Amino acid sequence: MDGSVHFYRDWKSYKEGFGSLSREFWLGNDNLHRLTNANDVMLRVDLEDFEGSITFAEYNTFKVAHEADYYRLTLEEYNGTAGDSFMYHSDMQFSTKDQDNDLKDISCAQHYKGAWWYNGCHWSNLNGLYLNGQHASYADGVNWGTLRGLHYSLKRTEMKEHSCRLHCVKESSCVSYNFGSTTNNKKFKSQLCDSDRFASFKNFTADNKFLYRGVKVRNFRSRNLNFLHRLTDANGVMLRVDLEDFEGNITYAEYKTFKVADEADKYRLTLGEYSGTAGDSFMYHSCHKSNLNGMYFNGQHASHADGVNWFTFRGKQYSLKRTEMKVKAKE
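Per UniProt numbering, the very first residue in the sequence shown carries number 1; after that it's consecutive.
Calculated from the structure, these hints are not laboratory results.
Since we're looking at a predicted model, the values are computed, not measured.
Do not rely on the hints blindly, as some may be mistaken.
[What the hints assert, rightly or not] Subject to a maximum C-alpha distance of 30 Å in a straight line, what follows is the list of computed DSS-like cross-link-like pairs (lysine-lysine):
(1) LYS259 / LYS316
(2) LYS321 / LYS289
(3) LYS256 / LYS12
(4) LYS12 / LYS321
(5) LYS321 / LYS259
(6) LYS289 / LYS266
(7) LYS321 / LYS256
(8) LYS266 / LYS321
(9) LYS289 / LYS316
(10) LYS97 / LYS12
(11) LYS15 / LYS113
(12) LYS12 / LYS113
(13) LYS97 / LYS15
(14) LYS266 / LYS316
(15) LYS97 / LYS113
(16) LYS256 / LYS316
(17) LYS15 / LYS266
(18) LYS259 / LYS289
(19) LYS113 / LYS256
(20) LYS316 / LYS15
(21) LYS256 / LYS266
(22) LYS289 / LYS256
(23) LYS104 / LYS15
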């Protein structure tokens, strides 16, 4: 966009994440750790300057440790067109203006107005100040040293991770975020995927382009209700619920408005007009007509309404095989 979301923030902000997925954001270091805690995750960094030149850097291994290790970064094997300005930061802990974990005798985060895996101090600073290209100050912009040097702040940067473990599907002209999926009794990690099967966790752009068209997020649990609130904080978001039973019947429900309030309002749900083939089991509030985070019971169950239920589809004593909830921008 235009640098309206500032990235010079404290440890808590970077831990939890901030911004809006439709604009500029940081996904959150806790989420990054959960996304990258296996050994088969790689990173791609896309970079664009104000002259329209677009380059990239890829790393065959990408890992962020847990908070106890201050989100230590692991990178391996660079390739790309932007030059390697990130391997210098491998094995470094994350630093913010109120948490100095770098190897310098000053606070790199304070000195260079960012938050990053500073070494002593940096060769890249993608959470630095948005300075619109060439700048007189040294290394405090959105810098990638091997591309335009440390006196040039980039127009757009996007960092995204790719994993062979999870399946991401292109869905045109939408933002799709699966926040309550069950499949064959397996629980999955959250994953934000774009049409190239990459998982984006930082999007920084100055040109009003909505970079999350074609994005689908699979296998997300309710621990990230704050993230769901940020995703639906605009008025142009709709919901689709896909449902499948053990006999292979697939149905759906769509709601033209979908919004989740913030924690202060206890994540209050707003839904608009229903359409679909599953019947409306979501526009209700005493206790439930749907229970998609219920127990996984493999179809028919004797207990009452405590399975993965959608009453208007298979009733109160049938637990579904697969459910998927996803949001997209209204057309």
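Going down the list of hints, with the structure as the test:
1. LYS259 / LYS316: Holds, at roughly 26 Å.
2. LYS321 / LYS289: holds, 17 Å
3. LYS256 / LYS12: violated, 34 Å
4. LYS12 / LYS321: Not OK: LYS12 and LYS321 at ~38 Å, beyond 30 Å, violated.
5. LYS321 / LYS259: Satisfied, since the Cα-Cα distance of roughly 26 Å is no more than 30 Å.
6. LYS289 / LYS266: holds, 20 Å
7. LYS321 / LYS256: With a Cα-Cα distance of about 25 Å, the restraint between LYS321 and LYS256 holds, given a limit of 30 Å.
8. LYS266 / LYS321: Since the Cα atoms of LYS266 and LYS321 sit roughly 29 Å apart, the hinted pair holds (cutoff 30 Å).
9. LYS289 / LYS316: Within the cut-off at roughly 8 Å; holds.
10. LYS97 / LYS12: Since the Cα atoms of LYS97 and LYS12 sit roughly 11 Å apart, the hinted pair holds (cutoff 30 Å).
11. LYS15 / LYS113: Holds, at roughly 17 Å.
12. LYS12 / LYS113: holds, 16 Å
13. LYS97 / LYS15: Roughly 13 Å between the alpha carbons, so the hint for LYS97 and LYS15 holds.
14. LYS266 / LYS316: holds, 26 Å
15. LYS97 / LYS113: holds, 8 Å
16. LYS256 / LYS316: holds, 25 Å
17. LYS15 / LYS266: With Cα atoms ~21 Å apart, LYS15 and LYS266 stay inside 30 Å; holds.
18. LYS259 / LYS289: holds, 19 Å
19. LYS113 / LYS256: violated, 41 Å
20. LYS316 / LYS15: violated, 39 Å
21. LYS256 / LYS266: holds, 22 Å
22. LYS289 / LYS256: Distance of about 19 Å is within 30 Å: holds.
23. LYS104 / LYS15: Roughly 22 Å separates the two Cα atoms, so the pair holds.
The structure does not agree with the numbered hints 3, 4, 19 and 20 stated previously, though it agrees with the rest.
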